[in-house]
Amino acid sequence: MAAVHPAIGRVVLDERDIARALTRISHEILERNRGAADLVLLGIPTRGVPLAERLATRIRDVEAEAVPYGSLDITPYRDDLRLRPARALEHTEIPTTGVDGKVVVLVDDVLFSGRTIRAALDALSDLGRPTAIQLAVLVDRGHRELPIRADFVGKNLPTSVVEHVRLALTEVDGRDEVVIADRSRETED
Amino acid sequence: MDRHLLSASDLSSDDAALVLDTAEEMRSVAERPIKKLPTLRGRTVVNLFFEDSTRTRISFEVAAKRLSADTINFTAKGSSVSKGESLKDTALTLQAIGADAVVVRHHDSGAPHRLAHAGWIDGSVVNAGDGTHEHPTQALLDAFTMRRHLGDLKGRRIVIVGDVLHSRVARSNALLLSTLGAEVTLVGPPTLLPVGVERWPVEISYDLDQALAKCDAVMMLRVQKERMNASYFPSAREYARRYGLDTRRMALLPEHAVVLHPGPMNRGMEITADVADAARSLIVEQVTNGVAIRMAVLYLLLSGAPPDSRLRDGGGLDGVENDHEPAIAGAAEEGAS
Chain E
1 MAAVHPAIGR VVLDERDIAR ALTRISHEIL ERNRGAADLV LLGIPTRGVP
51 LAERLATRIR DVEAEAVPYG SLDITPYRDD LRLRPARALE HTEIPTTGVD
101 GKVVVLVDDV LFSGRTIRAA LDALSDLGRP TAIQLAVLVD RGHRELPIRA
151 DFVGKNLPTS VVEHVRLALT EVDGRDEVVI ADRSRETED
Chain Y
190 MDRHLLSASD LSSDDAALVL DTAEEMRSVA ERPIKKLPTL RGRTVVNLFF
240 EDSTRTRISF EVAAKRLSAD TINFTAKGSS VSKGESLKDT ALTLQAIGAD
290 AVVVRHHDSG APHRLAHAGW IDGSVVNAGD GTHEHPTQAL LDAFTMRRHL
340 GDLKGRRIVI VGDVLHSRVA RSNALLLSTL GAEVTLVGPP TLLPVGVERW
390 PVEISYDLDQ ALAKCDAVMM LRVQKERMNA SYFPSAREYA RRYGLDTRRM
440 ALLPEHAVVL HPGPMNRGME ITADVADAAR SLIVEQVTNG VAIRMAVLYL
490 LLSGAPPDSR LRDGGGLDGV ENDHEPAIAG AAEEGAS
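Taken in sequence, the protein lines are chains E and Y. Residue numbers for the first sequence follow our numbering, beginning at 1 and rising by one. Residue numbers for the second sequence follow our numbering, beginning at 190 and rising by one.
What the hints contain is simulated information worked out from the structure, not anything from laboratory work. Where is the CB? At the ideal position from N, CA and C, for every residue including glycine. One or more of the hints may lead you astray.
As the list claims (entries may be wrong) - Just some of the chain E residues that point at chain Y, by a computed CB distance under 8 Å:
id : residue
1  : Glu65
2  : Ala66
3  : Leu83
4  : Pro85
5  : His91
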């Protein structure tokens with residue numbers, strides 16, 4: 001751990017750390033909800049979606065019960081749409097069970113300002129009325145701008161606002177790791 | 190994507206794919222309990238219709254409302270246009286009201302282009318059909334409908350039949366479908382093919398039966414009697430016999446091929462009633478998809494920053510890390526800040 005990658009920054013979680021964190025979160029979700037009944041996992045694109053799928057797999061392995069999972073695109077609900085050129089929409093896929101009367105666990109990669117989650121709550125309320133909504137994130141890096149907190153956190157990562165936290169996942173990026181980079185060193189971002 | 194949508198040729202194949210993919214997501218909004226997104230809240234969309242329309246006007250209105258935009262419907266009948274007000278003065282009025290987008294249908298080819306580029310209004314202009322020129326959102330919804338049934342349109346054979354001369358739908362479709370890589374064949378009486386059609390990216394044929402046998406989709410055009418000031422064919426009966434789609438001709442189509450018509454139909458003229466109501470006819474679905482396409486177009490034109498604004502993401506406005514989704518107009522900055 002803590003290997004410094006000159007090009008991309010400091011690796012704070014490697015593949016095995018991520019695996020352990022997800023396993024723990026899946027157990028915590030089951031403990032909190034006393035099992036997997038009525039659970040629905042919704043990942044926020046891009047990287048929340050494979051995380052939701054991985055959590056669903058782990059929960060199935062523990063409980064021998066399949067948990068419906070899907071994806072929830074928050075783009076139309078963002079509060080910063082007008083600050084940038086139009087954005088492409090991501091895919092929303094709600095499991096056939098729907099969200100009414102379910103406990104929905106939102107899954108995202110990095111919790112930062114909280115604005116994504118605010119948008120996700122709005123998006124969800126247009127889709128139905130869950131019994132409860134919980135939030136699972138792999139990394140909480142602080143600097144909240146809204147009164148939002150996560151119920152399940154893989155790793156609390158104290159960061160400076162100017163730093164940049166990046167999660168790579170095998171499904172999207174070909175490898176699993178969380179990296180902190182100094183924004184000032186980045187050229188493209 | 191450009192700020193206006195005036196012609197199907199404004200769209201690169203990436204732009205077209207983006208509109209179609211966005212429409213795919215927009216279509217699912219119609220299946221939700223709350224058929225509405227808050228995305229265009231506080232924006233005003235004016236439907237400026239100088240020519241009669243059912244489908245297109247309602248479709249744009251529903252699309253704008255589903256995105257939470259305010260809509261104003263302006264039709265030439267019952268407005269000051271019937272007292273002789275010019276397009277310019279109408280445009281200046283809309284600008285004064287604060288229209289963010291003007292969806293315009295006009296009986297003169299080029300009117301939307303004039304509206305977009307004369308400097309009368311700041312908003313986006315969407316061409317909803319101008320004269321015999323173009324109708325890009327119709328072409329997009331046709332492509333969308335065909336793509337849903339046939340998959341990728343690259344290399345697909347599409348036959349467009351009938352009154353090409355007066356059809357803005359045919360022109361927009363020929364342009365868009367060739368951008369998407371489809372092979373388009375126009376079939377119609379020589380009198381109803383426009384001058385210069387040989388420079389279009391299409392094949393021309395006068396033998397409908399032959400063209401039908403190997404096509405993936407056939408699009409029947411309405412015979413636009415209201416635009417015909419001369420006799421382009423001997424009789425309706427003869428037209429129907431040579432260029433109409435009836436049950437016998439439908440049987441010539443390959444198993445998977447689909448039938449489209451932009452509406453309104455002249456049943457018994459270019460298409461018989463039993464073909465129009467057949468299972469492979471997608472005419473009703475075209476209307477449903479029209480709403481999704483217009484939502485996608487309005488979303489892509491209106492949801493982002495105004496093109497002249499230099500507002501940059503100053504920091505703390507965005508909570509998404511790893512936010513690599515492509516910004517449409519090519520902004521390279523990262524989502525997180």
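Okay, the hints, checked on the actual structure:
1. Glu65: violated (27 Å)
2. Ala66: violated (23 Å)
3. Leu83: Nearest chain Y Cβ about 5 Å off; hint holds.
4. Pro85: This hint holds: proline 85 of chain E lies near chain Y, its Cβ roughly 3 Å from the closest one there, short of 8 Å.
5. His91: The hint holds - histidine 91 of chain E has a Cβ within 8 Å of chain Y, the shortest such distance being about 7 Å.
Violated hints, listed in ascending order, are 1 and 2; each of the other numbered hints is respected by the structure.
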